[in-house]
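Asks: Chain D is already provided as a structure; the job is to place chain V on it using the hints.
Protein chains in written order, with this note's numbering: chain D, 1 to 209; chain V, 1001 to 1190.
Source of the hints: derived by calculation from the structure; they are not laboratory data.
The structure displayed is predicted, hence computed values, not measured ones.
Possibly wrong hints are sitting among the right ones.
Unchecked claim - Selected chain V positions facing chain D (in silico; Cβ < 7 angstroms):
#1 Leu1032
#2 Lys1049
#3 Thr1058
#4 Asn1109
#5 Pro1112
#6 Asp1114
#7 Tyr1119
As the list claims (entries may be wrong) - If we take Cβ atoms under 7 angstroms as the criterion, some of the chain D residues that face chain V in the derived model are:
#8 Ser37
#9 Ile52
#10 Phe145
Claimed, not checked - Result set (DMTMM-like, lysine to aspartate or glutamate): computed pairs, CA atoms no more than 20 angstroms apart in a straight line:
#11 D:Lys188 x D:Asp70
#12 V:Lys1036 x D:Asp110
#13 V:Lys1146 x D:Glu43
#14 V:Lys1143 x D:Glu146
#15 D:Lys202 x V:Glu1094
#16 D:Lys188 x D:Asp118
#17 D:Lys201 x V:Glu1086
#18 D:Lys165 x D:Asp70
#19 V:Lys1172 x D:Glu192
#20 D:Lys157 x V:Glu1133
#21 D:Lys151 x V:Glu1133
#22 D:Lys96 x V:Glu1133
#23 D:Lys201 x D:Asp118
#24 V:Lys1072 x D:Glu43
#25 V:Lys1052 x D:Glu43
#26 V:Lys1090 x D:Glu66
#27 V:Lys1176 x D:Asp116
#28 V:Lys1087 x D:Glu192
#29 V:Lys1116 x D:Asp156
#30 V:Lys1111 x D:Asp70
#31 V:Lys1072 x D:Asp156
#32 D:Lys36 x V:Glu1133
#33 V:Lys1172 x D:Asp124
#34 D:Lys201 x V:Asp1088
#35 V:Lys1072 x V:Glu1113
#36 V:Lys1111 x D:Asp116
#37 V:Lys1104 x D:Asp110
#38 V:Lys1172 x D:Asp156
#39 D:Lys165 x V:Asp1080
Quick reminder that beta carbons are idealized off the backbone N, C-alpha and C, glycines included.
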Amino acid sequence: MRKFLQKYLVLIVVVLAIIFLFQKINWLPSFKNIFKSQPVLIEKTPIIITEINTLSQLITVTFTDEIVMDTAKIGNGMPSLLPTAVGTILTPAIDKLVIIGRGKVLAGTDLKNIQDKDIQVTGDSIYLILPHAKILQTIMNPSDFETFDEKGNWDDKAVIALKSKIRNEINIHALQQNILQQADTRCKNIIETFLKNTGFKKVQIDLKN
Amino acid sequence: MRIFFLITLFGLLLSNINCSSKKEPSKMQQVLGLQKMSDLATAEYVVTKIIKANDNQTWYKIGNRKILMSCKASLVAGIDLSQLTEKDIKIDGENVTITLPHAKLLYINIKPEDIKVAYQDVSLFRTNFSVQEKDNLAAQAEKQIKESADSLGIFLTAETNATLFINNFLQKVGFKNININFSPAKNLLQ
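Here chain D stands alone, though its shape is the one from the complex (with noise of 0.2 angstroms):
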């Protein structure tokens, strides 16, 4: 009986040595990875050039930050009872959506604004008027989005009316952060070190009025 139970137990043995080997040389998925879901990929596809455009915008300052926003409506779930002090309620479902959002602004100013008479040369000497700074995109791509929390069914209208949201809220924090001022102040010194590389002795940059 001994002998008998050893001779199995060598077998379980080897059979489970034989798995590990498998696994390191990656024959056979990890014990771990059999019941794992499977990432969804994308197909390449081709990519569609339908427009081409000549920008001057010379970004000075961007502004990252990070917002959680959330939205709630009545759903077509299962009502749940909510106890109160004069006994319990029935309640709807409600459809619940959370959204991380990272987001870039840029600041800068746009160039090509930049006419003849804004610029006066007198021998070494220079004086330019610059357009003011403003803010020239908002970056939130896919990539930045996060859905901390999702119940219910959402569509595409309210998910992007609540990512347009954050978005705003970005650039409002961008505002409160002075990022214009910061723009204009960095882009009078780009623009004047760039001048003095060239040659010029004396540089005077203003802004539009």
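Replies: Same frame as chain D, now just chain V:
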């Protein structure tokens, strides 16, 4: 003795199974707040892409689900003026020679409203694509678009536009002969 050896071996195998649960590397911490830049954006390419995915790779999930989305992205390239130093500008009277750094991808922008679900087919035993799943698929498309920037020719356009812009600007400030070239070292992606 033999049984002790076998038990030890079995224990080692089990410990290996437990150890195989590796932690996923955490996302690189982003620096939040204000940062100074000196990027001259000179070219924008607006591109479209179809996002096609089929979730049928997990063996124990009954039924199929597939999705078709379209997205519009804006790729912006330009030159980093902070790399431009005094020695890159040579002046000889009314002649100037500038050596600019090569163009790089400054950013890619895919607005949430520019991602549209065109078709979705979910079988009875499967759940609809969640918000996070759709974002993950769009993020894969974002990565593919970013990687294809060079093949789209945006860097060449950005360098041509930068040359034209600086040429015009220097003409306005009084230079007659302007020669613009690019540094030999190529730095394509950020």
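Asks: What are the numbers of the hints that this structure violates, sorted from low to high?
Replies: 6, 7, 11, 26, 36, 38, 39
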